[in-house]
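So the sequence lines, in the order shown, correspond to chains A and B. Last residue of the first sequence: number 156 in our numbering, and the count goes up by one each step with no gaps. Last residue of the second sequence: number 156 in our numbering, and the count goes up by one each step with no gaps.
Hints in this document: simulated from the structure, not taken from any laboratory.
You can't tell identical chains apart in this list, so a pair holds if it fits in one copy or across any two.
Lysine-lysine pairs mimicking BS3-like chemistry, simulated, CA-CA at most 30 Å apart:
id, residue 1, residue 2
1, K83, K65
2, K152, K129
3, K76, K152
4, K65, K75
5, K75, K152
6, K65, K76
Because the structure is a prediction, the values reported are computed rather than measured.
Number of protein chains: 2
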Amino acid sequence: MSLIPPRTSRSPVALEDCRLARAIELIGDRWSLLILRSAMYGVRRFDDFQEELGCPRTVLSGRLKALETSGLLTKKAYRESGKRARSEYVLSQMGGDLLPVLIALTQWGDAWLAGGDPAPISFTAGPEKRPAHVAFVDAGGQEVSPAQVRVKLRRG
Amino acid sequence: MSLIPPRTSRSPVALEDCRLARAIELIGDRWSLLILRSAMYGVRRFDDFQEELGCPRTVLSGRLKALETSGLLTKKAYRESGKRARSEYVLSQMGGDLLPVLIALTQWGDAWLAGGDPAPISFTAGPEKRPAHVAFVDAGGQEVSPAQVRVKLRRG
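Next up, chain A with everything else stripped away, as it sits in the complex (with noise of 0.2 Å):
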């Protein structure tokens, strides 16, 4: 797939059928991409979610419920010692599996939205700690250039 794609008036997949599309109808907000981003990093309560993205509470709430809705987020009942029982919401394995689009986009903040700045985070992968990107691999799981990579429709 070059970087610049020869001009097309139309996707090679319809809009409905699109995956891409779909997800995007999905976890397309600023504040669902926000919850996600928290949730991947370990924080579930309402209050945490609340202090930490400043999201109006009615706001928080339905997309939390949304979330849940969709199964991207699995709520849990908690008790802390002399309250009521609340929620938490962790991730499932569907939402859990965001996670290279997620360090992708964070990435790509780093590459481009960094203005110079050392990032603030970084992944490693193994015991060795060895650093860790999302990119391109080919089915023998050797990363390859994103100029190599191609768009296959299926037939029929």
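Fit chain B to the given chain A structure using the hints.
Relative to chain A, chain B alone:
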């Protein structure tokens, strides 16, 4: 990074220092993401975006302008014979660098939102057109499991 990180009340990086949060501010809305999706496939012209997305024209105009101002799209003039000059919007290098993010999100949609239908589109790498996907890799360019990935905070 385990799929269920330990509970915390705060993310390790404050929102104002987080490049993921900054990236979300720039592209984290439904129309901007759908425009970038179409642009990734080669759609360039206002009327083509409008027809594909069904986006209100004033909204589309505003989003294209914002994406141009942010540096993700480059505006270029074109003229069809006998018509006045108009503008095309082409992914810049900055916009093209979102490809791993968009394709990782496509894969996620294929995995979680497809309801068992085969993917209408897939990706290949290199002249042999081997299947390609987005994944975590270590510094040696070898794929690693998401379960092996850890966050590392910069000291200082």
